[in-house]
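Here's the letter readout for the chains.
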Amino acid sequence: MPPDIEAIAEQVFAALADPTRRTILAALASDGPATATDLADRLPVTRQAIAKHLFLLADAGLVTAEHGERRRVRYRLRSEPMRVAQQFLAAMANDWDARLDALTQHLNRSRRTSTNRIAGTNRHD
Amino acid sequence: MGFPDRIERTVEIAHPPAAVWAALTTAEGLAAWFGDRATIDLRPGGSAQMTWKQGHIAEMRVERVEEPSVFGYTWHIFGLPEDDPRRTYVEFTLEPLDSGTRLTVVETGFAQLSPDTHSQAYDGNTSGWASELGELVSYLDAA
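Residue numbers (my numbering), protein chains in the order written: chain A, 1 to 125; chain B, 1 to 143.
Just so you know, these hints were derived from the structure itself, not from any lab.
Note that the coordinates shown come from a computational prediction; the quantities given were computed from them, not determined experimentally.
Just to be clear, a hint being listed does not mean it is correct.
Unchecked claim - Here chain B is said to cover these stretches of chain A; the calculated rule only asks that three of the stretch's residues, wherever they fall, bring their Cβ under 8 Å from a Cβ of chain B: (1) 4-12; (2) 18-24; (3) 88-95.
For every residue, glycine included, the Cβ atom is placed at its ideal position computed from N, Cα and C.
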């Protein structure tokens, strides 16, 4: 397994650990690319704080900077690192314990049915 | 942190391998404990499908059929977007015991990264810089 996967997932979880960065990522996910100024207008966070977090998010590869008109830099969400982190979560959410319990219960139910059937035919003993 | 690539569980079941095999490899068996409905074409390369009342669908591809000891299939990684091509491999191994069956399930491949996902997850900064430098070049050319 390449060690880089872990590094990518770690960056995603570190980014998501901060409430302001979560808010910024959620805003980019729901409303699309935005400039730091757009985000400052919409969110209860100063433009300076947003710019600092966007820089960190870009460094982690979670957003990319797009240069638009009049030197306005728009930030766009990058989903690929999220997919790596989702894979990490998928492994933990994959509940084989519950499935194997269900399998055992199913087999016990079927045996009880067949045992009852046998008991029914041999009731005289 | 340790990225979990492999999940392994072993249970001892008080039923013979034939009963466990039927529960794992027939539509009736799978629908009784795994999905709410199931279909299966039990041969390597065959398709199987499980659906749940909540609307979730799992498409599986049968890979190994060695009755009554090994059954393996691949499926989509639950929780990833539907267009994501990555799949994990699930293998059930049944060993007969005096008291029934020892069933082991191993699911592998959570830590795989398809080549394009790998480059996409990594090239962000590189291509970001490439496009920025490209813009710088066009700017200088225009000046």
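Taking the numbered hints from earlier one at a time, note which ones the structure violates and give those numbers from smallest to largest. 2
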